[in-house]
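Protein chains in written order, with this note's numbering: chain A, 1306 to 1942; chain B, 6 to 433.
Keep in mind the hints are simulated off the structure, nothing from the lab. Worth double-checking, as some hints may not be accurate.
[Said to hold, decoys possible] Pair by pair, the computed Cβ-Cβ distance ranges are:
#: 1; chain 1: A; residue 1: N1439; chain 2: B; residue 2: V28; range: 56 to 66 Å
#: 2; chain 1: A; residue 1: V1824; chain 2: B; residue 2: A9; range: 27 to 37 Å
#: 3; chain 1: B; residue 1: I384; chain 2: A; residue 2: A1441; range: 55 to 65 Å
[Said to hold, decoys possible] Beyond 12 Å from chain A on every Cβ pair, some chain B residues (computed):
#: 4; residue: V30
#: 5; residue: P115
#: 6; residue: A170
#: 7; residue: G183
#: 8; residue: I347
#: 9; residue: R365
#: 10; residue: P431
[What the hints assert, rightly or not] According to the in silico footprint, chain A covers these stretches of chain B (three or more CB under 8 Å from chain A):
#: 11; region: 69-81
#: 12; region: 236-244
C-beta atoms are modelled at their ideal positions from N, C-alpha and C, and glycine is treated no differently.
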Amino acid sequence: MTMTLFVFAALALLPYAMFRGRAQRRYSAADAALWALFAALALLTRDADVDRYFALVAFAVVKLSLFSLFLAISDEQDVRWSANRAALIALVVYGCAIPAMLQAPIDGDEPYYLLVTESLVHDRDLDLTNQYANLAASQTGRSDLKPQQGDPVGRHGERYSRHEPLLSFLLIPGYLIAGLPGALITMALFGALLARSTVRMFEDEGIADGTTRAVFPLIAFGPPIFFFAIRIWPEVPAAWMLVEAVRGVRQRRAARWIPALFALVLLKLRFMLVAIVLVFRALVARRRITAKQFAIVALLFATPLVVAFLVSGSATNVHEAYELRAPLALGNVARGFFGLLVDGAAGIAFQAPLYLIGIFALIRWRAMPEGFRLGISSLGLYLLYLCPRSEWHGGWSPPLRYITIAMPFLALGCAALFDRARAVLPPIAIATAALVAHGVAYPWRLFHIASGESAMGEWLSILLHGDASRLIPSFIRLNNAAIVASIALVVLVIASRFISVPRMLIAPALALAVAFGVVAARRPGDRIDFEDAHVMHEGGELYPWVYEVARFAYRGGWVMKAGDSMTFLARGGASTIQYASKSGATMALGDRTFTLPPTGGQFDYGAVRVELPRDGRTQLRCISGSANLDRMVHDAR
Amino acid sequence: MTRAATNIGWLLAAAASAYACLVAVPGTTPIDRALPLVALLVTLLAWSAESTAVQIAVPLLIVAAIAVPDERLRLLTYGVIVAAAFARSLFSEAAIPVVIAGIALLRWIPLDGVVVWREALILFGALLVLRFTRSVPAAVLVAAATPLFPLKALAFPFLIAALAAWLPRRFRVWAVVGFGVAVVFARYSFAAMLVAAAVAMWETEGGLIVRRPGSAVPQSGRTISPPSVLLLLLIVLFAWSGAAIHALPPALLVIVAAIAIVGRLSPIVAAAGGLTLLFCMPATTTFDRTKVDTALKPSQSLTIDVAPSRRVVVTASGANVSSMRSGTLGTIEALDAKQHVIATRPIAIGDVADWGFMRREHLFASRNRLPHDPSWRLIGYGAESWFTGAGRVTIDAARHIETLRITAAPSLPRIASLQIESVELPRR
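Given only the sequences and the hints, what does the whole structure look like? Please build it.
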């Protein structure tokens, strides 16, 4: 209750920071009507089975959206707009969201950063041995923490973290003041600084204030920046550093870009790939390089390598030489590239749709602001090495982790294309608000196992009692939708250069896509992955274990033993079941029994052909033995 | 794009939107089945506002149709989405399409309940109201409040249009006051019409609102006026528009005006008011309900044994009593374990009403009013929806009540009866 009052009181203060005169009065009237509506809806649905907490969070997001709308449409003289005020608003909003994140324990790499902070504070060292031994005293709230795979071990058995220590070091002041919440507020401060720098960058590049005000809320209060600004990851501080570095290079102010790049490479070694290109661009702009400048650049690149060596015993930390050859695997590059664009769980199109406009800006390269071109080009080498990685999607983290650093520049592209993109902004804004409400209300759902499904696909599958996930592109478990979406995106991007789609047809096209998707999802698909949400399981367990490290490297499945069953929508006719079973199993599909011969081992897969009399809901039962059932694929005639 | 190409684009958009709703939305209720019509109306609103942003309501409606299984919540969600689209369109210069869309939403759903020639007359009258008031909320509210039956009631929008056209400016404020006061004293079935009349006088050009010549948009800019807010709240409830327009207490307009005025002062005040409403809503006492469903003829009695309780709520209504403005329909006697009468409570018009008095065929002629504590049992959808006249009559006693004896009044007309629907005891 107290937190709710605090949040809504904070949101009530935002208009005072931004609006005056007529904008203030109009906003107040609209806000009052919104409150009346919400109260009336709450009264009318008192007896309905509704998630009240989600409703409250959604209302807060709607209020923030209303504020953002007025920020965009109000007359210039009625808005007190500046980069500093934008930062202040961002800080207030992030501060309001932090308590929501504390509903669930911090996860992914977050607790490890905090463990290092605690070690620095209490032990003045980076050795985490006693932290692991005394997890109950840690503010991480995670008694299950173990050293991560690849964590360096010292000569005398010291346990170090694989993560670079700068972020942990920066969290110390906040941690000392308020523990974990203090650390999160520190992250929010970085988010506010990023917001400020982004607005300043827009001003530097000649983006009109009106456009900035319209786009700013979608950037600062939308994924991925919003979520990484209220959680302990280096992505938002890194984005801030890069924006400042690009601004410094553009303004030819070495005193700005050199420290920014220095901090960037110290944050994470992988950002060295960005720094290399940016330094090259900065130095190429000068006709000659002095010895002093060369020494500074050398120091910039050498320092993180030295730090990594001192901590882990290896200058490249956990990175290996073979990773340099990764871009040669073009198939993997394509997979990662399109995955980052259109994957349902980890792609821009579904997780941060605003930045799709920035993708369209790429084909108008020469017309884009110089800051956009400099920022995106400096990320080229980084993306080239990111895309072929098996963990291109970010691993166990909120979506778009590895490309959060690119978002301010994609946002600049969006702003440059603002007038052309007006028609698509309303659906983008609504999708963004929905993503934020979902992530704030259910922060644990920001982490999704790399199973080929997404939170949206699972939710729709349960609602529609059919496989909706197959209609959502997945590059983690490659499906037909992924190939179709990739081709469609390329065609759309190229066609947009020459063809202008009538604006009034965009929303109906979206409606038709949703409608046909709903119809298709209710029909049986050609392929059933037995671990998926649309399959109703009675007994059995997921394979591999849900928190298995590098889970995406396994073939997923569902382990069944005698007495377990599952039901799903399937197509009639011949299908092939792929499975693995040490000892074999006897199964029943509908009223027909069949045998799964032993395949040898856990990773040895076999296939059995089965026949279904008709389309419809089918039950698969395990009568004896046990098997790991991967998928059932309808045989094409 | 040429104008012809643009219009073709809009027609295609309307067709595609309607088709998408037809394909995707399960026809669970008449409102769900009417979504293709709603999609057409949303496109009409978008066209009138020249705003493609309004069209986003269509995919949102489809998402709501599949994502919200609870019927009441789903239909309310439709209302919120359509109201948001409507809010944007209220500021458009093309007022006629907005009025048509508003009337269609509030009066033409479900489609099979539409009496075409009557609705055409009402629409024509509403357009006349628009002509002379230059106010979309006034025109739509007048149309929404016009009873479909009897035929003479269809004159209402024409009367309002005439008033707006000829009433001298200096009398308009008095007309607003007069209509407002009349709501208190007039028949309940006229309340909605009187509120609509007051709104029309309020909104008439030259009265309290000044508009640009030839425009429906207030000169002061894009103002969210109390009548607009009232209209939008009705749009939110379009799934039960028939019941909402008549059951919303006239005091709602005062509340809306208060919120709109106070809200203009400060967002903190708005927030404080909203939070107060939210957190100070009366906690619901849950009841154990036992169905009775018995009709009592005059002088007939019914005895019901109940679990010992100091409070009992009887839900009752009348049959064939819609012409009664006041009077007693029956009596409840509470008896203790020893069958002594420990409390008595009359059941009068006002506590309950005729069960079907709010049906659109009967409301105009009815003398009943909404009970003090209505059961809020809703029947039907859209313009055909209505609240039953059942009221919850509470009887309290100092000692535990163990038996209820309910007797229909001997003075009831021969054809009338007292209908006992249920008995409720507070859950411990």
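How the hints compare with the structure:
1. Between N1439/A and V28/B the beta carbon distance is about 60 Å. The supplied range of 56 to 66 Å therefore holds.
2. Distance hint check for V1824/A and A9/B: the Cβ-Cβ separation is about 33 Å, which falls inside the suggested range of 27 to 37 Å.
3. In this structure the hint that I384/B and A1441/A lie 55 to 65 Å apart at CB holds, the actual value being about 60 Å.
4. Its closest Cβ contact with chain A, about 8 Å, brings V30/B to no more than 12 Å, contrary to its assignment away from the interface.
5. Every CB of chain A is more than 12 Å from the CB of P115/B (nearest about 21 Å), matching its label as outside the interface.
6. The claim that A170/B is not at the interface with chain A holds, since no C-beta of that chain comes within 12 Å of its own (minimum 30 Å).
7. At roughly 27 Å from the closest C-beta of chain A, the C-beta of G183/B stays outside 12 Å, upholding its exclusion from the interface.
8. Against the 12 Å criterion, I347/B stays outside the reach of chain A, whose nearest CB is about 32 Å from its own CB.
9. With a least CB separation of 22 Å from chain A, R365/B remains clear of the 12 Å interface cut-off, as annotated.
10. For P431/B, the non-interface assignment is confirmed: its Cβ lies about 16 Å from the closest Cβ of chain A, beyond the 12 Å cut-off.
11. Using a Cβ-Cβ cut-off of 8 Å, 7 residues of the region 69-81 of chain B lie near chain A, which meets the minimum of three, so the contact claim holds.
12. With a threshold of 8 Å between beta carbons, the proposed coverage of the region 236-244 of chain B by chain A holds, since 3 of its residues qualify and at least three are required.
Figure legend: structure checked against the earlier numbered hints; the only hint not met is number 4.
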